[in-house]
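On the provided structure of chain A, position chain B as indicated by the hints.
There are 2 protein chains.
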Amino acid sequence: MAYGEVDQLAINTIRCLATPTSPEGSVNQETKHHPNIATQHRKEFNRLTGLSIQIDATFKANSGHPGAPMGMAPISHVLFNKFMRFNPKNPGWVNRDRFVLSNGHGCMLQYALLHLFGYELSMDDLKNFRHIDSITPGHPEAHDTPGIEVTTGPLGQGFANAVGLAVAQAHTAGVFNKPGYDLINNYTYCFFGDGCAMEGIASEAASAAGHLQLGNLIMIYDDNHISIDGDTKCAFTEDVLKRFEAYGWHTQHVEQGDTDLEGMEAAIKKAQEVKDKPSVIKLTTTIGYGSKLQGTGGVHGNPLKEDDILQVKKKFGFNPEETFVVPQEVYDMYHKHASEGAAAEQEWNKLFEKYSGEYKDLAADLSRRLTGKLPEGWQNKLPTYKPSDPAIASRKLSESVLEAIYDVVPELVSGSADLTGSNNTRWKSAVDFQPPSTGIGEWSGRYMRYGVREHAMAAMMNGMSAYGTIIPAGGTFLNFVSYAAGAVRLSSLSHQRVIYVATHDSIGLGEDGPTHQPIETLAHFRALPNMMVWRPADGNETSAAYYVALTSHETPSILALTRQNLPQLEGSTLEKAIKGGYVALEDKNAQITLVSTGSEVSLCLEAVKYLKDNQGITARVVSMPCVEVFDAQDKDYRLSVIPDGIPSMSVEVMSTLGWEKYSHEQFGLNRFGASGAYKDVYKKFEFTPEGIAKRAAATVDFYKDVKPLRSPINRAFLQLI
Amino acid sequence: MAYGEVDQLAINTIRCLATPTSPEGSVNQETKHHPNIATQHRKEFNRLTGLSIQIDATFKANSGHPGAPMGMAPISHVLFNKFMRFNPKNPGWVNRDRFVLSNGHGCMLQYALLHLFGYELSMDDLKNFRHIDSITPGHPEAHDTPGIEVTTGPLGQGFANAVGLAVAQAHTAGVFNKPGYDLINNYTYCFFGDGCAMEGIASEAASAAGHLQLGNLIMIYDDNHISIDGDTKCAFTEDVLKRFEAYGWHTQHVEQGDTDLEGMEAAIKKAQEVKDKPSVIKLTTTIGYGSKLQGTGGVHGNPLKEDDILQVKKKFGFNPEETFVVPQEVYDMYHKHASEGAAAEQEWNKLFEKYSGEYKDLAADLSRRLTGKLPEGWQNKLPTYKPSDPAIASRKLSESVLEAIYDVVPELVSGSADLTGSNNTRWKSAVDFQPPSTGIGEWSGRYMRYGVREHAMAAMMNGMSAYGTIIPAGGTFLNFVSYAAGAVRLSSLSHQRVIYVATHDSIGLGEDGPTHQPIETLAHFRALPNMMVWRPADGNETSAAYYVALTSHETPSILALTRQNLPQLEGSTLEKAIKGGYVALEDKNAQITLVSTGSEVSLCLEAVKYLKDNQGITARVVSMPCVEVFDAQDKDYRLSVIPDGIPSMSVEVMSTLGWEKYSHEQFGLNRFGASGAYKDVYKKFEFTPEGIAKRAAATVDFYKDVKPLRSPINRAFLQLI
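Protein chains in written order, with this note's numbering: chain A, 315 to 1035; chain B, 315 to 1035.
Heads up, some of the hints might be wrong.
Same chains, same names: a pair is fine if it fits in one copy or spans any two.
Stated by the list, open to error - Here are the simulated lysine-lysine pairs, DSSO-like style, with alpha carbons at most 27 Å apart:
(1) Lys584 - Lys556
(2) Lys975 - Lys1008
(3) Lys687 - Lys893
(4) Lys1021 - Lys1008
(5) Lys1018 - Lys949
(6) Lys556 - Lys596
(7) Lys403 - Lys441
(8) Lys589 - Lys547
(9) Lys902 - Lys1021
(10) Lys949 - Lys1008
(11) Lys441 - Lys998
(12) Lys742 - Lys619
(13) Lys1018 - Lys975
(14) Lys606 - Lys547
(15) Lys589 - Lys556
(16) Lys619 - Lys993
(17) Lys949 - Lys975
(18) Lys441 - Lys993
Treat the hints as calculated values from the structure; they're not laboratory data. Remember, it's a predicted structure, so these values are computed and weren't measured experimentally.
The following block holds chain A by itself, in its conformation from the complex (with noise of 0.2 Å):
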């Protein structure tokens, strides 16, 4: 516990390094770099001096938070070199320690953490902070940047990604751990801020840690006093640490969290020991402390001035032209550390080999796993539909998916938003993920309860497939994955396999009414970068959407399906529906072309007899269960399946924002549902054959003079993707 002077002087580095400080132009690009006063000052610096090289890493940055960091550092320092366990040179070492900033905005302070530790990211990336094109982005993201686990900035998502990251933790030891092979015994540590803790996220995620016991899970809450807003007492004056009691928590109290390293460490090694909760550590520290702003919002979102920084600098006896300067007796440290990191994983693959001589299918199983490909042959298990089987709602044929695929998909992990029954997410042979003491459910359980908390389940599934063990599927009402929406656009942003099964996905959800009928959700989600929104059409389909979802392994998806039953087509196979959209109905004299997804597409083959018996119009259809999916297919392709020459409408019980992409009319629902048994619904928006037919005639009447009539498929130009 003796912490001495390279100890504090890692501290300021991180600090200096850390913290985005002047706007572009507000400091002399061109001073002179003198590396070794760092050092020569060295016998001065203790905790009060950190900042004085501030401005080091961020220079060039004109935005940045200096707050945390600056107030962070310490703990920062405590946690990664006396604590957590890794390799900077195998960053996906499974067994690793997650860290995980939940504050985001204080990215600065992790980015400098990897550079010293040797992580992949160079002085060169810290300079580039947060410039075009950068590893070291205004916030940090998982995808680009080694060493980042989840992506963080947006409040109280890096909260509930890190419970997601200890819950697959728990389930990973509990699949693999044997007597005396504690292969997956890793720490997840979180820093959290105010804001986060300010967030409904955090909370709902907090709930459900204190539920799970997850002993593994080390939060920090950095305690400082001030958001945006300025003193925490303008908005949140709650007693935050009997709130984590509230949860379940294990928790403690460091009041001296700029300085007592010895308090850190203690509080650190007690949160370890206790295996049965989660921990949580109030760290009062004062933000931005040595600024003239120390202690104020005015140091957490804008870098400092440049007097500011000058006479922190001065005030501590630095040359102020100092700048990117690593004290060479700190990376000595910190490397050392890291090869201590590198010798536990050794170690760790040493008894991961003797562990596949004695369990050599659990061994390759999670080989395969962390590869990120599903087992050969899984896919042969999915279901496939004639078109004599039962109509069945597509909610109940993704049970029949998950019923068929859960064993030969070891790592799928189900659950739900407190709606199983509705979402038809559980196999029965399910066995609930829980802690063993509660009598209902295992570690190694494959169904989560993760309760009415949409937004912490998403996130949390974020986590679990950054975890890289587990590929998520998580149950809710479509309207309600807009709860999530924030966590949900993560799963995109940071490339995670996660499924969200979004039942009742339409007014055809009938009696629940407008506040439940989903009219924007759909095209909410199609706007969202990497993201399938699927809406199945029937068991085909579904089958279809799950394989893509499932092979897609850096791309969430959206499952949208019916409470209501549907048909199986005749048109359908799972070999067509795996290409987005396909010719459901084909006839080569058709005048018009239907474009339509999940329960209105068999509306339309309905309407294509209606039309022909009523308006002597030939009509084909189309059923387009993913945009995106049929987006990613060629461009014959696409033409083949609508068509230049004829108009084509699309069909879809919700909003018709975006189907100008793929029809020259639309038939949608552009105002809030009603409440009434689903088939009176349906008929007061007119959605039936004749509605659709009335429609569709309409459309052809009206583009009959219009030459050429091209396929909306054909572009003046091409979209930047």
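Quick look at chain B alone, frame taken from chain A:
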């Protein structure tokens, strides 16, 4: 505190009327009514027999949630009949007590109460529960049903609405109450269940309410240990009361929530006495008591089975054929309470008349606010701009609007989710809405510090708006309006005049990077019915956005505002901009129309020059700050803006989804953004005059052979609205 036979009868009647039970056809709809049987049998009634006629109101509904109404009838009786002050003949009386059923799925409870007390909700309305076009939809909708204060059902919303209603009460009292005139002193009561308690939005709102010391807010927590997935031990084992204590609430527990009417009354009385804290009463109840499935999840969200109904009726000696019975004694008792409410309103009216003599201006202001109309001539204060005025970020332009109008629109209450300095939502002289004991504000303060609680902010604003005396405006980054999506949707559905001040509206925010840069957000909210999404291009358009937002009584608005400076356009005026879209640069010889919004309009104007100089193409420019308002203009006008004969191309630096409705081709950003200086980011994605011109030229070329080339304003058929 004495409760007698009629009280019990009333409870049983509520329970029976309120409980959806039987699937359609599972009971004999031909059953003759025997209206006197209930009274004949009432001697035998007791707490446990109350379920015997629960089939009544909903025998035609094929879905429903019997559990909560069965459990909460006793507390409803105590609360409504012993405490709540309201006049069913005037549901708009400003000082009525407010009631919110946050567990809105139990709404038949509320409908039954409204009926029994004499609101305009007939027995036929009860019979039409969950039927199409009824005023008794599957979840309570404020806009359509008299006596429903806010639209609930999506869990947690009502809880946060109630906090907003209590904020509005405290604020309105702070503004209007005077010595001797305790004009505004109503309570806000709210029921919530385990589902709401798990939702993050409720946690956020509870934390805010504790901070704000909302003494007139009294919540009843229906602690029935059941959610849809079954026993709460599966997922929700925290200590709820301890959590609320941590938030600063006064907490009580009534252990016998099924029977202890005196205990309930005493707890509510005690809660009323606590004036410096919101109160929560945990009421332990048995869900669906009397049913074969009592105390289980089976009785939460599914109607009782016929045999269950029969056994319940038999068990308690009732005629299973009894339907739709309200004993006259119950009507009498409740109508008596209602007439006491009417008398209280009469008293209040007298008080207000006296007040009007003494405080003429205040009285006139309150009366005016309740009409929803703004003060005469307020709009003359809106800033207008000339092209020669300096370039200003639209978030600053928004601040100028607030600064200009706050004095003449006293019902405007601004605020931010902890981004005050970034959202520019606070006029200089604003006083915070805070408990005076904090020393940092007043009840009459008009600036809300919502904390980092976007979702609760939005739902609180819905509640504040629903109170009737406030127009709330609340700020966050546009990207984080998505955190509030669940509540934003209800702003639209329940017709609340709330304003979301959504700054940092695009990749133009620069360095914060993709985690903070909206791509899908505007498409999402444009797809939401009854929502105005404004993205003003300059000062006049920003003023126009506020003008339309403030004068649209039944439609919420999102104002998407820039971080970066925008020049004042040549072609903009307030009068043009309030049409939602207008010609910013006309040219009779134009070969293409560029349709754009916000920060890209001035780029398009630059592109016009570039196109002329480099490609010899003539272009015109349309600024389209609000598509929803543009859609509301007559077709001739819309065609004059986007005419036939030439192609149009949209230019907006985010998802193109939906722009096909106003343009033939779309230039946007269907991928995530990048962290860097905003000009670098714009350049990376070719949002430059050159980048626009290149695509415009391709568009002109692509459409040169199409005849007739129709404006996208022309459609084959109209959408249902």
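Between the shortest in-copy and the shortest cross-copy C-alpha distance, which are at most 27 Å for Lys949 and Lys975: within, between, both, or neither?
both (14 Å within a copy, 23 Å between copies)
Give the relationship of Lys619 and Lys993 under a CA distance limit of 27 Å: within one copy only, between copies only, both, or neither.
This pair counts as between: shortest inter-copy Cα distance 23 Å, intra-copy 65 Å.
Intra- versus inter-copy proximity for Lys1008 and Lys1021 (alpha-carbon distance at most 27 Å):
Both, since 23 Å and 25 Å are each at most 27 Å.
Please work out whether the CA atoms of Lys742 and Lys619 approach to 27 Å or closer within one copy, between two copies, in both situations, or in neither?
Only across copies: Lys742 and Lys619 sit 24 Å apart there, 62 Å inside one copy, limit 27 Å.
Which holds for Lys589 with Lys547 at a C-alpha limit of 27 Å: within a copy, between copies, both or neither?
Answer is between: at 20 Å across copies they meet the 27 Å cutoff, but 34 Å inside does not.
Given a CA cutoff of 27 Å, do Lys606 and Lys547 count as a within-copy pair, a between-copy pair, both, or neither?
Within one copy only: 21 Å inside, 51 Å across.
Could you figure out if Lys556 and Lys596 sit no more than 27 Å apart (CA to CA) within one copy, between two copies, both or neither?
Result: close both inside a copy and across copies, 11 Å intra and 18 Å inter.
Since the copies are identical, ignore which copy is meant and state whether Lys687 and Lys893 lie within 27 Å (CA to CA) inside a copy, between copies, both or neither.
within (20 Å within a copy, 54 Å between copies)
Alpha-carbon proximity context of Lys403 and Lys441, limit 27 Å
within (22 Å within a copy, 69 Å between copies)
Using 27 Å as the alpha carbon limit, work out where Lys1018 and Lys949 are close: within a copy, between copies, both or neither.
Close inside one copy (25 Å) and across copies (22 Å); limit 27 Å.
Checking Lys441 and Lys993: alpha-carbon separation at most 27 Å within a copy, between copies, both or neither?
between (62 Å within a copy, 19 Å between copies)
As a check of your reading, is Lys949 near Lys1008 (CA-CA no more than 27 Å) within one copy, between copies, both or neither?
between (31 Å within a copy, 22 Å between copies)
In summary, this structure violates none of the numbered hints.
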